[in-house]
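A.B. asks: Sequence:
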Amino acid sequence: GERVILDMPYIPHARMDRVKADEDVFTLKYFAEVINSLHFSIVWVRDAHSNVSLALIDNVCDTGVKAYIRKAIELSDANAMFYPDEGAMKRYSSESEMPYAFGMKKRDWKTGQILGLDIINSENIVGKDVLIVDDICSRGGTFYHSAKALKEAGAKNIYLYVTHCENTILEGEVLTRGLIEKVYTTNSIFTKEHEKIEVFD
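Residue numbers are given in my numbering: position 126 of the sequence shown equals residue 126, and the series is strictly consecutive.
Please note that a few of the clues may not be correct.
What the hints assert, rightly or not - For lysine-lysine, the following DSS-like pairs were computed, each having C-alpha atoms within a straight-line distance of at most 25 angstroms:
| no. | residue 1 | residue 2 |
| --- | --- | --- |
| 1 | K156 | K196 |
| 2 | K148 | K182 |
| 3 | K90 | K29 |
Simulated from the structure, these hints should not be mistaken for lab results.
Given the sequences, and given the hints that come with them, work out the whole structure.
C.D. replies: As structure tokens, this is what we get:
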């Protein structure tokens, strides 16, 4: 048989990786079934949102993002890291030796809205240039709240690295509120241009 390779840096429906309520649809599972039915030899992905998608997609290979994070650290001159939640901390804290803090989101579970965020290990970011690291940004509410909390906790300059940045970031508050100096992302799904956003190839 012929080897057919799928290069899919961003996994659609990656965030729909669990079902909280009866009316939720586990869309990632059905998306994975469609991909698997095509029998690719390898499916290359970049920074999968969770192990769930890696478990559901056959012959999947995650390229990782160590090099991108390193580049964002170099360009921003950051000397501390911030992960918006425990998931991000578990995923990325081993990618860098730098001191870090992480967030605990305060959410209204009924609406899913983020009400704010507590910073754990905040002493690690006082007076520091901080790089926020995560995998997906849509409108960027999480990062706006992160930056706000970081500034209040004494961080100096704040930068953001996200592997997958949706064009909707341009509609959110991340770029307009002046809290984040620069956003670094990869070319997986961002197709626009903005002077505050640098896209890595």
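A.B. asks: Could you run down the list of hints and mark each one as holding or not?
C.D. replies: Okay, the hints, checked on the actual structure:
no.: 1; hint: K156 - K196; result: holds (18 angstroms)
no.: 2; hint: K148 - K182; result: holds (15 angstroms)
no.: 3; hint: K90 - K29; result: holds (23 angstroms)
Hint compliance for this structure: no hint is broken.
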